[in-house]
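Protein chains in written order, with the numbering used here: chain A, 378 to 1016; chain B, 29 to 527; chain C, 63 to 566; chain D, 26 to 131.
Some hints here could point you the wrong way.
Stated by the list, open to error - Here are the simulated distance ranges between beta carbons: (1) C:Ile-102 with A:Val-942: 31 to 37 angstroms; (2) C:Ser-281 with A:Lys-980: 48 to 54 angstroms; (3) C:Thr-287 with A:Ile-965: 31 to 37 angstroms; (4) B:Lys-487 with C:Ile-102: 30 to 36 angstroms; (5) C:Ile-543 with B:Gly-438: 37 to 43 angstroms.
Think of the hints as simulated: they come from the structure by calculation, not from any bench. Glycine included, every Cβ here is placed at the ideal spot set by N, Cα and C.
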Amino acid sequence: MQWAWLIPVFCFAAAPVIVIFGKFLPTKGAFLSILAIAGGFVVFWFVFGSWLDADAATKGCFTSANTGMLSCDYERSWFNAGVIGAVGSVSLHWGILIDPLTIAMLGLVTFVALMVQIYSMAYMMGDPRFGWYFAVHSLFAASMLTLVLADNFLLLYVAWELVGICSYLLIGFWHERPAAREAAKKAFIVTRIGDVGLLVGILLIWRDVGSFSMLDAFEAVRTGAMSEGVATASAILLFLGAMGKSAQVPFHVWLPDAMEGPTPVSALIHAATMVIAGVYLVARAFPLFEAYDAVPLLIVAIVGLTTALMAATIALVSTDLKRILAYSTISHLGLMMLSLGAFGYTAAIFHLMAHGFSKALLFLGAGSVLHSTEFQETGEMGGLRKVMPLTAIVFSIGALSLGGIPVLAGFWSKDEILVAVNDNRNAAFIILTLFTALLSALYMGRAMFLVFFGELKDQNSHVHDAPLAMAIPMALLGVLALGFGFITFNWPGSFNGLGDFVFFGHAEEFHFEVWLGAVSIVLAVAAFMFAYLAYAKRSISMEATRSRFSGVLKVIENKYYFDEVYQWVVDKVVLVFSRAVAFFDRAIVNDIIVNGPADITRKFGIALRLHVTGHVYTYTLAMALGTVGLGIFVWVRSV
Amino acid sequence: MTSLSDNLHLLTPEFALAVLAFLVFAIDLFLPEDRKGYLGWVSIAGLLALIVVSLVMLWGEEESLYDGLLAVDDFALFFKVFFMGMGVFIILTSMDFVEDRLEHRGEFYGLLLFSILGMNLMAQSRELLTAYIALELLSFSLYVLAAYAKDDAKSNESALKYIIVGAVSSAILLYGVSMVYGVLGVTKFEDIAAGLAVASEVSPALWVGVGLILVGLMFKISAVPFHMWAPDVYEGAPYPVTAYLAIGSKAAAFALVLRLAAEGFVPAADRWEQWQIILAVLAALTMLLGNLVALAQKNLKRLMAYSSIGHAGFILAGIAALSLDSDLASNGVMFYLVGYSITNLVVFAALISFFNMTGKETITDLGGLADHQPFLAAALAMGLFSLAGLPIFAGFTMKFYLFTAVANEGFLWLAGLAVFSSLISLYYYLQILRQVYIEPTPASDGGGDLLEDYPALTKRTSLTLLTVLGSGMAGIIWLGIYPKPLIDAIEAASRAVMS
Amino acid sequence: MMNDFDQVALLLLILVPLAGSLMMMFMPGDQSKESWYFAIFVAGISLILSLLVFFRYDYDAGGFQFIRTYEWLPGPLDINLALGIDGISAPLVLLNGVVLFGGVLISQTITHRIRDFFVLLLALSAGVFGTFAVRDLFFLFFFYELAVLPMYLLIGVWGSSTDFGTFLRTKEYGAMKLILFLVAGSILVWIGILALYVEASDNSAATFSLQGLAQLSESGQFDETFQTWVFPLFMVGFGVLAGLWPFHTWSPDGHVAAPTAVSMLHAGVLMKLGAYGIIRVGMFLLPEGAENWMPVLISLGTVNVLYGAVSAMSQNDLKYIIGYSSVSHMGYVLMGIATLDNVGVGGAVLQMVSHGLMTALMFLLVGSVYHRTHTRDITVLNGLASRMPVNTFFFAIAGLASLGLPGLSGFIAEFMVFTGAFRTYLPLAILAVIGAALTAVYILRLLARTFMGEADERWADLTDASPMEMSVGGAFVAIIIFIGVWPAPLMRVINVGVQTIPGV
Amino acid sequence: MVDLVWFQLLSAALFVIGLYGVMARRSAVLIVMSIELMLNAVNINLIAAASHMEGTGSFANFDGQLIAIFIITVAAAEVGLALAIILRMFRNRSTVNVDEIDLMKW
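From just these sequences and the hints, can you work out the full model?
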């Protein structure tokens, strides 16, 4: 288990090698990247295995007093700020913390990243910056893996930022396109705003606890050494960071634009890296959130629900395939947050994974579509199942899973969330959550039927299905999206369900609220039926509805005007302010405060020189006056 | 009681210098016009020989001659060597100029030698009348030298202004002497000190007397408000004379002031404390006004005049900081004088060299100099940086030393003001360097550039000026990096007057 | 053998560039390439010396090492060339060695009065080495001024004037402003030094030796009133060179006018002299004064951070952006110093090194771009990435280091500064963190405008960085990454240095 | 014997008149003459002071007379020099009016 650090290091090592030597290697070094992540995936299984074998007596392992899970912590000194042992010095460490949460995340990240990379081999073939793409991909995966392994907040922040920069590089991969350029910038800066909160939160915790170690912080919360104020404040600040990364309202604006990157990148960002980091952070720092009165969790729940609802409505009216998927991601991230906010720790992680596999699948499928049709608008598609059956099948699996159709992974995880919300939050929450679930099924159905069902357009008749390198990952992910949900059950004798593996406080049994399950099934099925009728069969016309709700629609189609408001703030406030400061610097500080005295001195000199008149009698007069003046000076002083 | 002629041999350098000067005048009568340049070399050889003689003969002597009128001590020796050395370099600097632009070349060197004699005596005199005579010997030579370009109206004007203001200041000085004499009945420095120290309440007449003596001397060092002659005289006088005024006459005046203050005023500690503040105020005014007005100058010589007024303010601050407790201030003053003289010598040598080539003397004419005459430009840069007080040049160490001394005597505000004035001076020094290094060669009246009008600009600097520049630059850097040998000599000199 | 070296190491460190500069004055041929080769040679030796000094500094022993005192002017002034470096100056010496060597290497683009350029550049670096290596107030000031003085000519002669439409910035203006500002700052320093001497002298222990003065300070000879009025002299005086707001405007204007190598040394090393001075003189000798003034310094530092960042956001000239970013980043240094916390001050020192490297790298790259495109206007430049991928990559690294990306040196430094500030001045520390986020805005704007986007056809013939620029830039990038990933070797040295500061 | 104060007052008056002359006169020659007046004031002061010195005889301290003689000599030389310069001035500029002698100023 001590060797878990190898998982990210493989990928870290691959990146510079590809950048520097990529030109001389076959496939421009892409194979190295895949090898590295595959290596990571293999090591993951060893780590998993050794965790299963471990108990509290194993070196570095203990049963966490906070979570109750068996955790293993290994650290190594990074550097010291201040001489070791001196008052006020700070020791910083590389450290890994392995507990079921980490293991779950490791599995998800390594697997999805591996799939996406294999897929990319085919998808990105022929791009001039093929090698660079894989190098950044490696770095991306490595950063994300470090993030989930980190045992202290500092290392987490390091990885957090690296994830951010990698997403910047990948979103802006086709930087020649202005849209990509701007999207990358937007992604980085918006998440960076959240990061301020994260960093301040981390430092606040450190200020109170005196250590960056998460375990120390949690311990302090548990024993009450950390006051309620600090705990609440820092939890909220951490959540700010999570909001940025996980695209929660109002920081969600970057995610839809991030579609400008290559589609496999979107798959990676949406499924296994970047956006789930926020959810992971809240889960990881859960002791802080739920301490005292758990005020932060209420905030998390509200933000999560708002996000889920708002994004779902937008997804419903988007016509761009990737955008639908993007808003769907935002919506589901909101659900995960909501789940966490409703104490549904296990449910959130479960949904995170289920969603991860499904969304990766959807994006890869969408990528396959875009790759061969070169369209992004759903209006240009339709009936594609006839020309690309495999893609159609896997996409449908993903869509159904996220839509919440039973036995698929998404159904089970969503159900867990509903249970958690029902148990811990009031009726308004559960109603809105169910409504979100309905919307979710509706837009998934809409996307699926619009793209793959209905009439095949002539322009798409030449379209072919995905090549092997793209097909295999899709197929593998499809299997997971289908069957992953079953790990939530008790399998007597071998596995007691996810609730027994990842949990907070105490292990949970799988349980199923019948009325809730029934309602959600009904809603989901109804939604898909409706979508089929409306978008595949076209037997229900949407025009009437559209015109009736045109006002609301306009707001939704404009994404609630978030972009416009931000744009206005940037143009009219930030930039104007910056120009004002720059002008102040030049006109006031420089021209008046700096040049002013200089000019005055020079002018003073110019004026003063006139005292030398050129007439010799002035000179003697000055001498005489000077003498008298000296006399007066002496006299005044002596009096 | 020793006879008046007992130790007469100790004055050998002065006698020899007088003889040398007369010799130069005499030979001048017989030399054909084209060989009069030899006289310069004769003077140089004589001065060098006298430096050696002085060093060998007078090393460590501590005597008082003529019943205490003249001192033969380390202080006098130091300045003697310094003045004669400066004389050598001034002659070297002026040779080309005199050759090309002046008549009566022989007398030029003779007068120069007389003025050096006057300076030597100023550093030696310990009595007011003797000091006055020595001062006039120097001044008269300078009046004539200032008027040396006799067909140049500016030269005439400068000499006229100089002599009128100079004579008035002499009269004031003498009036002060008469007052002091009237009250105390003595004129020797040490007796004055004794008289000042004894009197419980100094009579107003004595106050006036001492004050007027100070005024007379302040004129010589061009302290504000007795400075107005300086810019006009500097501007009008022939270039080498300007250099000499800035270097020699100022140093000699300070040598006299230093000895007078050290032997005549400082020992009367209570009085001195009262006068210190007066001198400090004068110093403050001088450094500020000199540097401020220099900002507005366009003529190089005039600018250097104001610059030298500013520097006089710095040195005056050092005089104000003299005290019985420590030699720091007198060391600082002497160090500053030496460093300032060497630096100014380099600057003037470079400017004279440029003037010899073009006959131009405004700042803008220097444009593009670095392209035609990199060596001159470098020398100028070094000199000006040194004047501005930047390391690794003499200016930095000497300012640091002097200002430390000033601050240490309790005049931190004055030291601060001095440092601030240095900043102002940096601006106008850099304006010169800007022309030299950054601006292009200016267009001439004929439309071409200066180079076409003055092909001499591309010629090499003459060997004599090169010697001056080379040794001056070496001196600047030497004093800037390792001034200890000089400081050792200065400490010995200052012990002679301060103890 | 190595012990002998230790005896003279610091003297050599100062003398090699100084002697090189003086020797070069007398080399024939102002326009010849030989001057460049010779300068490379001298800078190379300096680099080796600084490497040796840094790596032979024994951080276990700590304190001042390579101590050597040469008698210079004993007696009442007690000025001696006392040499020695501690954990604070050792990294800075190394930084200067690296930046100087890099700056000289890429200066082959200087074609006008080559010799004079290197004469001045080497003199400047001798001053920098000297400032870091001496333990005497006189010599500290001596070398400090020496480092400043060549700037006027370096900018004035080899710089460039730029017309910004609404206003004009000539090189003469930039150069004059720079030097007047810096010398004005040193006036305050000078007065402070005099005050220290006088105070020591009044306690009948007249000396300029830093060690001697520190002992006086320790034994309580400088009372609090004295410390409180003298410290601001040093704080503002040295602060001017560190770009302390509102005395910062010389810096962006100076950068805009300066040639590449000069900008590198100027922003990379010279500005650090100011911060170093505050630590070495202000904090070591006047700890109580420092304590009383720190709230002011940290506030100004915070203003620096935010003001610099906000100003940089709307600039269109590459050098202005980087110039203002220097103002902003030096704010972290000042903040770190002002925390009086061993982590914060350590962060400040590390930030000096880190900022020195990354800003030097940025100026190198701007120089490279400007040399090829003849413009620095980011509204004109576009899509350079496809023409100069290596430059782009380096610039991205430097920019990311500057916005505090983990894994690069800037993060560690800024993080430590924040840490220190969090412990002492929480509200300001939060503002500083926000400042770090603002950095991202202008850096990404710069990267996006300049390097990303469709390559203009005007740039069709552009070449990438020259091999020389590539190797220098690569070395800088490598160091930046190295420090970012594994700062321990550097921090060990800095820690022992910071530990000795009284009051920390 | 007349009290010393009267001599000193006479001397002071003479000195100030001379100084006034230097400032008020526009002819260089007259300025030089005024300077002579100032120097003579000094001489009166010196000789009077010397004759009033306390001591064994009436000429116990004759330094004052000595100085006066020196001053007379030097003054003579000074006048000669000044007149020579004024002469050159007149040759070159045809004027000795100091109002017009201001080629150099500021």
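(message) Quick check: does the Cβ-Cβ distance between C:Thr-287 and A:Ile-965 fall within 31 to 37 angstroms?
(response) holds (35 angstroms)
(request) Starting from the hint 48 to 54 angstroms, judge whether the C-beta atoms of C:Ser-281 and A:Lys-980 obey it. (result) The hinted range 48 to 54 angstroms holds for C:Ser-281 and A:Lys-980, with Cβ atoms some 50 angstroms apart.
(request) For the range 30 to 36 angstroms, tell me whether the beta carbons of B:Lys-487 and C:Ile-102 fit it or not. (result) holds (35 angstroms)
(message) Can you tell me whether the CB distance of C:Ile-102 to A:Val-942 sits inside 31 to 37 angstroms?
(response) For C:Ile-102 and A:Val-942 the Cβ distance comes to about 56 angstroms; the hint is violated.
(message) I want to verify a distance hint. Is the separation of the beta carbons of C:Ile-543 and B:Gly-438 within 37 to 43 angstroms?
(response) violated (56 angstroms)
Of the numbered hints stated above, those contradicted by the structure are hints 1 and 5, listed in ascending order.
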